[in-house]
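S.K.: The opening position of the sequence shown corresponds to residue 182 in our numbering, with each subsequent residue numbered one higher.
Be aware that one or more of the hints could be misleading.
Pairwise CB distance ranges, derived in the manner of DEER restraints [what the hints assert, rightly or not]: (1) 298 <-> 582: 14 to 22 Å; (2) 225 <-> 523: 52 to 60 Å; (3) 570 <-> 270: 34 to 42 Å; (4) 231 <-> 327: 44 to 52 Å; (5) 367 <-> 327: 26 to 34 Å; (6) 513 <-> 466: 26 to 34 Å; (7) 372 <-> 447: 13 to 21 Å.
If you are wondering where the hints come from, they were derived from the structure by calculation, not from laboratory data.
Just so you know, these numbers come straight off a predicted model, no measurement behind them.
Backbone N, C-alpha and C fix where the C-beta goes; we use that ideal spot for every residue, glycine too.
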Amino acid sequence: MASTDPMKHICVLLNGPVGLDARVTRFVRTASRIAKVSLFCEQGRFEGAGLFDERVILRALDPALFQPRGLRRYLLLHRHFDAFVKAALDTGDSYDLVYANDYPTLSPAARIARARGARLAYDSHEIYLATVNQFYPSVARFPKSFIFSLLVDLARRIGGRHEQRLIREVDLFVTTNESYASYFRSTYGREQVDVIRNCPETVKSVPSRNRIRDALGLSPGDRVVLYQGMMNSGRGLSQLVLSAEHLDERMRIILLGDGPLRETLLTLVRDRNLSERVRFLDAVPQEHLVAWTAGGDLGMLVLEAINESKRLASANKLFEYMAAGIPMLVSDLPENRRVVDECDSGFLLPDTSPEAIAASIMAVFQDPDEMRRRGENGRRAHLQRYNWEVEKVRLLALLERTFRR
Numbered sequence: 182m183a184s185t186d187p188m189k190h191i192c193v194l195l196n197g198p199v200g201l202d203a204r205v206t207r208f209v210r211t212a213s214r215i216a217k218v219s220l221f222c223e224q225g226r227f228e229g230a231g232l233f234d235e236r237v238i239l240r241a242l243d244p245a246l247f248q249p250r251g252l253r254r255y256l257l258l259h260r261h262f263d264a265f266v267k268a269a270l271d272t273g274d275s276y277d278l279v280y281a282n283d284y285p286t287l288s289p290a291a292r293i294a295r296a297r298g299a300r301l302a303y304d305s306h307e308i309y310l311a312t313v314n315q316f317y318p319s320v321a322r323f324p325k326s327f328i329f330s331l332l333v334d335l336a337r338r339i340g341g342r343h344e345q346r347l348i349r350e351v352d353l354f355v356t357t358n359e360s361y362a363s364y365f366r367s368t369y370g371r372e373q374v375d376v377i378r379n380c381p382e383t384v385k386s387v388p389s390r391n392r393i394r395d396a397l398g399l400s401p402g403d404r405v406v407l408y409q410g411m412m413n414s415g416r417g418l419s420q421l422v423l424s425a426e427h428l429d430e431r432m433r434i435i436l437l438g439d440g441p442l443r444e445t446l447l448t449l450v451r452d453r454n455l456s457e458r459v460r461f462l463d464a465v466p467q468e469h470l471v472a473w474t475a476g477g478d479l480g481m482l483v484l485e486a487i488n489e490s491k492r493l494a495s496a497n498k499l500f501e502y503m504a505a506g507i508p509m510l511v512s513d514l515p516e517n518r519r520v521v522d523e524c525d526s527g528f529l530l531p532d533t534s535p536e537a538i539a540a541s542i543m544a545v546f547q548d549p550d551e552m553r554r555r556g557e558n559g560r561r562a563h564l565q566r567y568n569w570e571v572e573k574v575r576l577l578a579l580l581e582r583t584f585r586r
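Construct all of the structure, not just a fragment, from the sequences and the given hints.
M.R.: Written as structure tokens, this is what we have:
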């Protein structure tokens, strides 16, 4: 592949900190092979020296700049990251491509691209506007439930019109799986939507299986049922915690990560006296995540179809479990089923109630040979296809094509 002019400059916008965002970290490292990259994001954890090399300029801004108030917080989602515009233009730099990660950064990216005469790229990690219901408190009583449903509908309508208008300006449209790509093609009538999957870099050898056991002082006879990743709504985490009440006493549910639901889950564990059966580990940098994941015996992904984005999602951990060589137990949703069926790398959950989750976990552990076989199948699929080395070839080709337009 011919190399792009090394003086090309890509401005990347991220609506959050980069230290825990594997997709954006991998994108920036890959893109910096062919261009200078300026990454604008929120200041967060795991963003010290060593995350990127000298080809990347990291401009992490104070999160206080991105705290809209009142109805703007809920309805004008495209205005949350306006501060990126001033920050990017105040550098005085010229940009050849402005790369928006998810809907909230699309508007500022478009404004920067117009101001600098740059091309515009849109990487929609999910169907962001479908997730709006996750931003509102969960209430069942009238009239709040009615008011919140109206606000959700209004936010989606406003956002949908805004997204459709801005997509006309987009030169490169990327998303994370084929289900999402089909959704965007049909919703916005855009034929060209490319897929770059959230696969980890190739893990050439399986890390030690003892890291989680050593960290928590577990015995060799304990069975580690692992969830790793963000702790937020739509991931069945409360049900997973409560499933511990129905599990064999040898089973240990381990939650590794952080997020808005962590304190709620900690309280649930204390209230139900589950502290011996459910344990927590803090989030770790992305480069160490697969090594920690290998310490699980079974990987869990209990996605709930609380909106269209969750129903069609393919979470990073799906591919990280395979990279670590452990079988997975996942909810029966389209992308989960596609990967599990194609790779024979795990098991499907028929139901996401605590009782059903527990019954499925116990059934899986009844056949350790089958667990081992499916873990090895996932590992093989990771080495052959589901790794970043495969995805980055396609990404670099898309960037080259966009620069040539």
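S.K.: Please go over all the hints and tell whether each is borne out by the structure.
M.R.: Outcome of the hint check:
no., hint, result
1, 298 <-> 582: 14 to 22 Å, "holds, 19 Å"
2, 225 <-> 523: 52 to 60 Å, "violated, 34 Å"
3, 570 <-> 270: 34 to 42 Å, "holds, 35 Å"
4, 231 <-> 327: 44 to 52 Å, "holds, 50 Å"
5, 367 <-> 327: 26 to 34 Å, "holds, 30 Å"
6, 513 <-> 466: 26 to 34 Å, "holds, 32 Å"
7, 372 <-> 447: 13 to 21 Å, "violated, 47 Å"
Of the numbered hints listed earlier, those contradicted by the structure are 2, 7.
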